[in-house]
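Peer 1: Sequence:
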Amino acid sequence: MLAYDYPILGFFWTMLIIGLWIAWFMLLFRVIFDIFRSHDMGGFAKALWAIFVVLAPFLGVFIYLIARGRAMTERDMQDARNQEAQFRTYVQQAAASSPTGGGTADELTKLAELKAQGVLTDAEFQTQKARILAS
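Counting along the sequence shown from 1, when you hit position 84 you're at 84 in our numbering, and nothing is skipped either side.
In short, the hints are calculated from the structure, not lab data.
Cβ atoms here follow ideal geometry from the backbone N, Cα and C, with glycine treated the same way.
Take the hints with a grain of salt, since some may be wrong.
What follows is a list of derived Cβ distance ranges for each label pair [as the list claims (entries may be wrong)]:
#1 Asn82 / Leu28: 22 to 30 angstroms
#2 Leu9 / Gln92: 54 to 62 angstroms
#3 Leu133 / Met15: 49 to 57 angstroms
Hey, can you work out the whole structure from these sequences and the hints?
Peer 2: Spelled out as C-alpha coordinates, the structure:
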(Lines of atoms letter the chains of each structure in order from A and count residues from 1; the text may use other names and numbers.)
(Lines give C-alpha, C1' and ligand atoms only; values in the text may rest on other atoms or scores of the structure.)
Protein backbone atom coordinates (compact mmCIF):
# COMPACT_ATOMS: atom_id res chain seq x y z
CA MET A 1 0.00 0.00 0.00
CA LEU A 2 2.88 2.30 0.72
CA ALA A 3 4.13 1.77 -2.83
CA TYR A 4 1.04 3.38 -4.34
CA ASP A 5 1.55 6.60 -2.40
CA TYR A 6 5.20 6.71 -3.39
CA PRO A 7 5.81 5.57 -7.02
CA ILE A 8 9.57 5.15 -6.52
CA LEU A 9 8.87 2.56 -3.82
CA GLY A 10 6.67 0.68 -6.28
CA PHE A 11 9.60 0.60 -8.70
CA PHE A 12 11.98 -0.69 -6.02
CA TRP A 13 9.45 -3.31 -4.91
CA THR A 14 9.03 -4.50 -8.50
CA MET A 15 12.81 -4.70 -8.98
CA LEU A 16 13.15 -6.68 -5.75
CA ILE A 17 10.50 -9.18 -6.83
CA ILE A 18 12.06 -9.56 -10.28
CA GLY A 19 15.51 -10.05 -8.74
CA LEU A 20 14.21 -12.70 -6.36
CA TRP A 21 12.50 -14.56 -9.21
CA ILE A 22 15.70 -14.52 -11.26
CA ALA A 23 17.69 -15.81 -8.27
CA TRP A 24 15.08 -18.51 -7.66
CA PHE A 25 15.17 -19.76 -11.26
CA MET A 26 18.97 -19.76 -11.25
CA LEU A 27 18.95 -21.86 -8.08
CA LEU A 28 16.27 -24.19 -9.44
CA PHE A 29 18.13 -24.89 -12.68
CA ARG A 30 21.44 -25.23 -10.86
CA VAL A 31 19.93 -27.93 -8.65
CA ILE A 32 18.38 -29.71 -11.64
CA PHE A 33 21.71 -29.69 -13.50
CA ASP A 34 23.52 -30.88 -10.38
CA ILE A 35 21.14 -33.82 -10.02
CA PHE A 36 22.10 -35.09 -13.46
CA ARG A 37 25.84 -34.44 -13.22
CA SER A 38 26.19 -36.23 -9.90
CA HIS A 39 28.21 -39.43 -10.32
CA ASP A 40 27.51 -40.80 -6.86
CA MET A 41 23.78 -41.33 -7.49
CA GLY A 42 22.22 -44.00 -9.63
CA GLY A 43 19.63 -43.39 -12.30
CA PHE A 44 16.70 -44.25 -10.02
CA ALA A 45 17.83 -41.76 -7.35
CA LYS A 46 18.34 -39.07 -9.99
CA ALA A 47 14.85 -39.71 -11.35
CA LEU A 48 13.31 -39.47 -7.87
CA TRP A 49 15.14 -36.21 -7.07
CA ALA A 50 14.17 -34.74 -10.45
CA ILE A 51 10.50 -35.67 -9.97
CA PHE A 52 10.54 -34.25 -6.45
CA VAL A 53 12.14 -30.97 -7.59
CA VAL A 54 9.74 -30.61 -10.52
CA LEU A 55 6.56 -31.47 -8.62
CA ALA A 56 7.36 -29.53 -5.44
CA PRO A 57 10.00 -27.00 -6.52
CA PHE A 58 10.39 -24.95 -3.34
CA LEU A 59 10.41 -27.89 -0.98
CA GLY A 60 12.43 -30.07 -3.36
CA VAL A 61 15.17 -27.49 -3.90
CA PHE A 62 15.51 -26.68 -0.22
CA ILE A 63 15.63 -30.34 0.82
CA TYR A 64 18.14 -31.07 -1.96
CA LEU A 65 20.35 -28.22 -0.77
CA ILE A 66 20.19 -29.43 2.82
CA ALA A 67 20.77 -33.09 1.95
CA ARG A 68 23.29 -32.75 -0.88
CA GLY A 69 24.59 -29.18 -0.69
CA ARG A 70 28.06 -30.19 0.45
CA ALA A 71 28.44 -32.71 -2.37
CA MET A 72 27.19 -30.07 -4.81
CA THR A 73 29.88 -27.66 -3.60
CA GLU A 74 32.57 -30.33 -3.83
CA ARG A 75 31.60 -31.10 -7.43
CA ASP A 76 31.75 -27.39 -8.26
CA MET A 77 35.21 -27.11 -6.70
CA GLN A 78 36.44 -30.20 -8.54
CA ASP A 79 35.10 -28.85 -11.84
CA ALA A 80 36.88 -25.54 -11.21
CA ARG A 81 40.16 -27.37 -10.48
CA ASN A 82 39.77 -29.46 -13.65
CA GLN A 83 39.10 -26.38 -15.78
CA GLU A 84 42.12 -24.60 -14.30
CA ALA A 85 44.34 -27.62 -14.98
CA GLN A 86 43.08 -27.83 -18.57
CA PHE A 87 43.71 -24.11 -19.02
CA ARG A 88 47.25 -24.38 -17.66
CA THR A 89 47.96 -27.36 -19.92
CA TYR A 90 46.63 -25.46 -22.93
CA VAL A 91 48.72 -22.38 -22.15
CA GLN A 92 51.87 -24.47 -21.66
CA GLN A 93 51.29 -26.31 -24.94
CA ALA A 94 50.59 -23.07 -26.78
CA ALA A 95 53.74 -21.47 -25.37
CA ALA A 96 55.86 -24.50 -26.25
CA SER A 97 54.58 -24.62 -29.82
CA SER A 98 55.28 -20.97 -30.59
CA PRO A 99 57.01 -20.36 -33.95
CA THR A 100 60.25 -19.16 -32.33
CA GLY A 101 60.67 -22.32 -30.27
CA GLY A 102 61.02 -21.08 -26.72
CA GLY A 103 59.63 -17.65 -27.44
CA THR A 104 61.27 -14.29 -27.97
CA ALA A 105 61.37 -13.45 -24.28
CA ASP A 106 63.14 -16.72 -23.48
CA GLU A 107 65.76 -16.15 -26.16
CA LEU A 108 66.37 -12.58 -24.97
CA THR A 109 66.73 -13.82 -21.40
CA LYS A 110 69.29 -16.40 -22.50
CA LEU A 111 71.20 -13.72 -24.41
CA ALA A 112 71.21 -11.43 -21.37
CA GLU A 113 72.55 -14.26 -19.23
CA LEU A 114 75.33 -14.98 -21.74
CA LYS A 115 76.24 -11.30 -21.79
CA ALA A 116 76.24 -11.14 -17.99
CA GLN A 117 78.55 -14.17 -17.85
CA GLY A 118 80.93 -12.47 -20.26
CA VAL A 119 80.45 -14.98 -23.07
CA LEU A 120 79.08 -12.31 -25.44
CA THR A 121 80.47 -8.86 -26.07
CA ASP A 122 78.21 -5.82 -26.30
CA ALA A 123 78.39 -5.83 -30.11
CA GLU A 124 77.54 -9.54 -30.34
CA PHE A 125 74.69 -9.07 -27.88
CA GLN A 126 73.20 -6.19 -29.89
CA THR A 127 73.53 -8.13 -33.15
CA GLN A 128 71.83 -11.23 -31.74
CA LYS A 129 69.16 -9.11 -30.06
CA ALA A 130 68.36 -7.37 -33.35
CA ARG A 131 68.17 -10.76 -35.12
CA ILE A 132 65.74 -12.15 -32.51
CA LEU A 133 63.54 -9.07 -32.54
CA ALA A 134 63.48 -9.01 -36.35
CA SER A 135 62.20 -12.59 -36.59
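Peer 1: Take the hints in turn and mark each one as holding or not.
Peer 2: Going through the hints against the structure:
1. Taking the beta carbon of each, Asn82 and Leu28 are about 25 angstroms apart, inside 22 to 30 angstroms as hinted.
2. Take Leu9 and Gln92: their Cβ atoms lie about 55 angstroms apart, and the range 54 to 62 angstroms holds.
3. For the pair Leu133 and Met15, the supplied restraint of 49 to 57 angstroms holds, since their beta-carbon distance comes to about 55 angstroms.
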